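2 protein chains.
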Amino acid sequence: MASLVQLITVDCPKPSLQDNTGDIDRLKKNVTEKCGGPLVVPHGAMARVAKAFRQAGFAGSAVVNDHGSHFELVDFLGKKPDILPAVALDLGTTHLEASLLDLLTGDVLAQANIANGQIEYGTDILTRIHFAATDTGLQTLQQGVISCINILFEQLSTGADISPCDLRALAVSGNTTMVHFLLQIDPATLCREPYIPLVNSPDICHGRDLGLAMDGWAPVWIMPSVGSYFGGDLISGIIASGLDDRAGIAMLIDVGTNAEVVLGNGEWLIACAGAAGPALEGGIAKMGMRAGPGAIDKVRIDPGMGQVSYETLGGGRPVGICGSGIIDLVAALYLARIIDVRGKFQRKFGGDRLIDGPDGPAFVVAPAREAAGNQPVTFTQVDLDAMMRSKAAMYSILTTLIAQVGLEFTDLEQIFVAGSFGKHIDPRQAITLGMMPDLPLHVFNPIGNSSLAGAEEVLRSRQSRERCLALPGKITYLELNVNQEFMIRFSGCRFIPHTDPSLFPSVPVFSD
Amino acid sequence: MASLVQLITVDCPKPSLQDNTGDIDRLKKNVTEKCGGPLVVPHGAMARVAKAFRQAGFAGSAVVNDHGSHFELVDFLGKKPDILPAVALDLGTTHLEASLLDLLTGDVLAQANIANGQIEYGTDILTRIHFAATDTGLQTLQQGVISCINILFEQLSTGADISPCDLRALAVSGNTTMVHFLLQIDPATLCREPYIPLVNSPDICHGRDLGLAMDGWAPVWIMPSVGSYFGGDLISGIIASGLDDRAGIAMLIDVGTNAEVVLGNGEWLIACAGAAGPALEGGIAKMGMRAGPGAIDKVRIDPGMGQVSYETLGGGRPVGICGSGIIDLVAALYLARIIDVRGKFQRKFGGDRLIDGPDGPAFVVAPAREAAGNQPVTFTQVDLDAMMRSKAAMYSILTTLIAQVGLEFTDLEQIFVAGSFGKHIDPRQAITLGMMPDLPLHVFNPIGNSSLAGAEEVLRSRQSRERCLALPGKITYLELNVNQEFMIRFSGCRFIPHTDPSLFPSVPVFSD
Chain W
0 MASLVQLITV DCPKPSLQDN TGDIDRLKKN VTEKCGGPLV VPHGAMARVA KAFRQAGFAG
60 SAVVNDHGSH FELVDFLGKK PDILPAVALD LGTTHLEASL LDLLTGDVLA QANIANGQIE
120 YGTDILTRIH FAATDTGLQT LQQGVISCIN ILFEQLSTGA DISPCDLRAL AVSGNTTMVH
180 FLLQIDPATL CREPYIPLVN SPDICHGRDL GLAMDGWAPV WIMPSVGSYF GGDLISGIIA
240 SGLDDRAGIA MLIDVGTNAE VVLGNGEWLI ACAGAAGPAL EGGIAKMGMR AGPGAIDKVR
300 IDPGMGQVSY ETLGGGRPVG ICGSGIIDLV AALYLARIID VRGKFQRKFG GDRLIDGPDG
360 PAFVVAPARE AAGNQPVTFT QVDLDAMMRS KAAMYSILTT LIAQVGLEFT DLEQIFVAGS
420 FGKHIDPRQA ITLGMMPDLP LHVFNPIGNS SLAGAEEVLR SRQSRERCLA LPGKITYLEL
480 NVNQEFMIRF SGCRFIPHTD PSLFPSVPVF SD
Chain Y
0 MASLVQLITV DCPKPSLQDN TGDIDRLKKN VTEKCGGPLV VPHGAMARVA KAFRQAGFAG
60 SAVVNDHGSH FELVDFLGKK PDILPAVALD LGTTHLEASL LDLLTGDVLA QANIANGQIE
120 YGTDILTRIH FAATDTGLQT LQQGVISCIN ILFEQLSTGA DISPCDLRAL AVSGNTTMVH
180 FLLQIDPATL CREPYIPLVN SPDICHGRDL GLAMDGWAPV WIMPSVGSYF GGDLISGIIA
240 SGLDDRAGIA MLIDVGTNAE VVLGNGEWLI ACAGAAGPAL EGGIAKMGMR AGPGAIDKVR
300 IDPGMGQVSY ETLGGGRPVG ICGSGIIDLV AALYLARIID VRGKFQRKFG GDRLIDGPDG
360 PAFVVAPARE AAGNQPVTFT QVDLDAMMRS KAAMYSILTT LIAQVGLEFT DLEQIFVAGS
420 FGKHIDPRQA ITLGMMPDLP LHVFNPIGNS SLAGAEEVLR SRQSRERCLA LPGKITYLEL
480 NVNQEFMIRF SGCRFIPHTD PSLFPSVPVF SD
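Heads up: the protein sequence lines correspond to chains W and Y, in order.
Going by this note's numbering, the residue at position 231 of the first sequence is 230; the numbering climbs one at a time, nothing skipped.
Going by this note's numbering, the residue at position 423 of the second sequence is 422; the numbering climbs one at a time, nothing skipped.
Possibly wrong hints are sitting among the right ones.
[To be verified] Some chain W residues near chain Y, calculated using beta-carbon distances under 8 Å:
id : residue
1  : D24
2  : I184
3  : S200
4  : P201
5  : D202
6  : G226
7  : G447
If you are wondering where the hints come from, they were derived from the structure by calculation, not from laboratory data.
None of the values given here were measured: they were computed from a predicted structure.
Just so it is clear, CB atoms sit at the ideal spot from N, CA and C, and this is done for glycine as well.
Based on the sequences and whatever the hints tell you, model everything.
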């Protein structure tokens, strides 16, 4: 396995007049024999290593960071600890999710999450990139995210009855821009053609370099990215799904701020990304919200009677509607003919749920009397239009990608759907909308937060770290921003399920 | 050659939509191909590297540090500079000597020296070790020496019309304790049996780690030591003399605060060190001084008439007497029979130069009327006794070492004598005193400041750095502090030239 930080047990001969080498040299010699690679002791860690080594009577556990090309001895523990704690982090634009891992066993001990404190400086990434160009903007953004990570460290540590200073490693998986903010490096070229990151694959740095409240010599592993629009979170997804390790062809779909898609197997990988995300994440609809307590995540409309039923996460009164709820809702609206193939409300089928709001027609998902704070949960034509664009973008991305390699959707053994999007959506409804290809349901495989899972994996295993570092070189990236085919396909996808209904044989088509 | 810091010239393809890898990744890929080893960009240097690389249009010279196990890219220069300046430093207990080197050519551009600012906290190393144990003692000592180095940087830079920030590397060669002070690591165990350094062979650190006023990412190479009493200055001596690279057997003698001696050839090396130094460096005699302006460095006494003649360094009026002057003086006193075989003044041969001072008998080397400030330069019985101990220690060290390997002095092809001691002494007089073996004079080879020369050499060549790192493992160190034979020999050496005059056939023996 070989975790990112390892304990190397040594019991060194005691110094004597006959064996009078230096303490650090003595320790290095013994640890190097066990590591099997070049070993350095950084200047700033030398004093504490030597002191602990001597106090422990020259026997105990050396704390060794694996830098790939070399090892780094950063601490010494007289008594072997019960756990060697490290944190895996999914560094999202809106949310941060973290796991506390024990590197000795690889077990996840706890999880925590927090809203990204950078939201104060811009909800979307582009606003933040512009903010970063202001005087102390970049520094402010970095401190914003570091504060959040430090809060997560505190929470995870308290729960496990350790101190944040005991945290020995951090692995971060995030989109390319978030990584730039974290490292406090200029993101300006990310959003201008030809969309060049300052770095895709940064080398390991230390907790102290970033102001993290953990052991100062803890290595910080950043999951490499492939380009501006293809971040380390998706590399994590590939690792977590094993897409790069299969004989059969599979697809990975990760919907975050962007929709990012990878297609391939152990032999080849092709990827692209596009702006299909926000509506699907519940980020655009007026009453949209992240999947969380009070979010409507399931909606049924009886096609005959027009009766609406829904479920909320946590079972309480509805507050808003999350991405999977929106997909459920729009599919149900279509099947009940309340919207037409173009995604426009049809007054004649709408009944009294269809009202005229300040922004035009709107569908009442939960009336005021049922909803939290007596605020009805509604879904407007504006929301619907955004949703239609998102679903069109999504299917266009998938078809452009599969056509690029001369394959068809039926060639896919698996479609891994990552994130809370994958966890909550019903593939049946996504197919009804023409967002996902019309394949047997067992092909769709939700894999949860694969960004976090990938970060956990690199903490555990050197093989995974090497796999990650090699991946960007193996992936062909298809740039959609300049892809003509994509634009043509996009127009064809702005119907439910599609301009060409033969692509979706399982979806009923209504003639008005 | 491969200097410690190298300029790697690249002309990278410009980024485009078709080639949209990150700036740092682009640069690393191109530099790695030319380095042929793993390459990292440290977090703290990434922003400046990326900025300079982009500003230079993706072509220019990468500044790359060679860490042995891997390379480190720390800066980028759009225009290839005329010189790549670095500093070699001989970090002495009393004096620091430095050279400014151009890493592009290996040429020495300038030299400078300064008294060690730590003297304020103790003239001898033991006092400083005790001072280091006080509250902020170690920190004070470090800052003391760092200030001196920064002054040298300033001097060397001003002379070469560059800024200290342009200095790209530092190589330091010093005794083990001085290295501990420089790195601000606890020297406490150095002076207590079994005399264990905290570290012999520290890894490369950076200018910024030590507070040096140079480029923050300049690598600081510390010459490895073998033990408490065998420092990096002597490893430098071995490199500079080529002792480890010869077929024939040779000896290296370096007299600093201690006398350090290495014996061997390309096959084997044995070394020892002992406290023979201070008197020979001019450090103990009441009127003793370092070799410098006003120091008497040559003395002749006409054996018949008792007439005294001397020379001073710089030719001015005498201020004191340096090590080589003392050896000249004592040899002359012996040959003029003013001292006897035991090193005691003989009133009957002393004439009016032999006076009674407050500390007992004293010899007037330069009378008041000739001396600077009208202060006569005298040499007392106390000074003489110290000198006798030193010379006895020196010869005991040499004989113990040569006997240890079953050789005789006549097996030596060369005796390299390092430092200002080697530069100034007359081997003939050293033989007369029984300090050096009675060998043909051509065997003695003064090699100047080999501590500095070794530091220059590791700046220039990777092969030399690898040689230095391997040397401590090749050297057998003979600990004299617990060596019975040494103590027995020491007693036999407290006569001029020796208890057994047959060892010194070229030296006259007088019978009273």
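Here's how the hints hold up against the structure:
Satisfaction of the interface hint for D24(W) is found here, the shortest Cβ-Cβ separation to chain Y being roughly 5 Å, below the 8 Å cut-off. Given the 8 Å rule on beta carbons, the hint for I184(W) holds: about 5 Å separates it from the nearest Cβ of chain Y. The beta carbon of S200(W) is positioned within 8 Å of a beta carbon in chain Y (closest approach about 6 Å), and the interface hint is therefore held. Because the beta carbon of P201(W) sits about 7 Å from the nearest beta carbon in chain Y, less than 8 Å, this interface hint is met.
About 4 Å separates the beta-carbon of D202(W) from the nearest beta-carbon of chain Y, less than 8 Å, and the hint is met. The closest approach between the C-beta of G226(W) and any C-beta of chain Y is roughly 5 Å, which is under the 8 Å cut-off, so the hint is satisfied. Interface hint status for G447(W): violated, as the beta-carbon distance to the closest one in chain Y is roughly 29 Å, over 8 Å.
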